[in-house]
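**Student:** Sequence:
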Amino acid sequence: MLDIKNLHAEVEGQPILNGVDLHIPTGEVHAIMGPNGSGKSTLANILAGRDDYEITAGSVDYDSQSLLDLDAEQRACEGVFLGFQYPVEIPGVSNLYLLRAAVNARRAYRGEDEIDAMDFMKQVQSTVGDVGMSMEMAKRGVNEGFSGGEKKRNEIFQMLMLEPKLSILDETDSGLDIDALKTVANGINQLRSPERSTILVTHYKRLLEHVIPDRIHVLAGGQVVRSGGPELADHLEAHGYAALETETASAAS
0 MLDIKNLHAE VEGQPILNGV DLHIPTGEVH AIMGPNGSGK STLANILAGR
50 DDYEITAGSV DYDSQSLLDL DAEQRACEGV FLGFQYPVEI PGVSNLYLLR
100 AAVNARRAYR GEDEIDAMDF MKQVQSTVGD VGMSMEMAKR GVNEGFSGGE
150 KKRNEIFQML MLEPKLSILD ETDSGLDIDA LKTVANGINQ LRSPERSTIL
200 VTHYKRLLEH VIPDRIHVLA GGQVVRSGGP ELADHLEAHG YAALETETAS
250 AAS
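Counting from 1, position 60 in the sequence shown corresponds to residue 59 in numbering that gives the first Met the number 0; the numbering is continuous, with no gaps.
In short, the hints are calculated from the structure, not lab data.
Computed from a predicted structure; not experimentally measured.
Please note: incorrect hints may appear among the correct ones.
Unchecked claim - Calculated pairs, BS3-like style, for lysine-lysine (alpha carbon to alpha carbon, straight line, at most 30 Å):
hint	residue 1	residue 2
1	K138	K150
2	K4	K204
3	K181	K121
4	K121	K138
5	K164	K204
6	K138	K164
7	K164	K150
8	K204	K150
9	K4	K164
Turn these sequences into a full structure, and let the hints guide you.
**Tutor:** This is how it looks when you write it as structure tokens:
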């Protein structure tokens, strides 16, 4: 699904990614963990097509094509979804209007007819309850008046409606209470399938107790410094990132 090789990126001349290598097979869930400032959100935004970053080296292949050659809209139509770390409010733009426009844009990209309004609403009604949202919330302006947890639920609602091939969720667990965390995790697990892949960017292992990843990668200093199975989250919880960075520095020397 995704193959990243020697990816370097910078902002205003400041290097952030310093040679990221990452392989995400189709059908797997991978978590990216690491300390603040390690480049996790930068990587997520670059994959989604945000143009603030300058790619100075490396390649990103997605579903047998160069992802870096596609603009953000093309990536979305090709099935790449980014769940934002800080979802924004868009007052006056109906959540459902935006979603239907997004669904139809992808259908048009694939040469399909627009979704029927009644079929769309049936899909909404069957999905909205899965993320603990009401129809009243779904009809509001995008994230308008939502709490932090409600914004994250809305991100998962959008993901379930769009059914992306590659979901990149940037700290979707931040600011969630226990109930909201379980609801968000259930939504992520619901979309899990042999045809789709997911990248979870997170600081903590609590989300990974509900969404068991196939692999965990630790990003530090703009590089993947360690990869392992789900048990790696327990090691990080027990010893922290500082110990891992010390181990990596010692091994390098």
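**Student:** The structure should be examined with respect to each hint, and the outcome stated for every one.
**Tutor:** How the hints compare with the structure:
no.	hint	result
1	K138 to K150	holds (14 Å)
2	K4 to K204	holds (26 Å)
3	K181 to K121	holds (24 Å)
4	K121 to K138	holds (14 Å)
5	K164 to K204	holds (24 Å)
6	K138 to K164	holds (26 Å)
7	K164 to K150	holds (22 Å)
8	K204 to K150	holds (21 Å)
9	K4 to K164	holds (20 Å)
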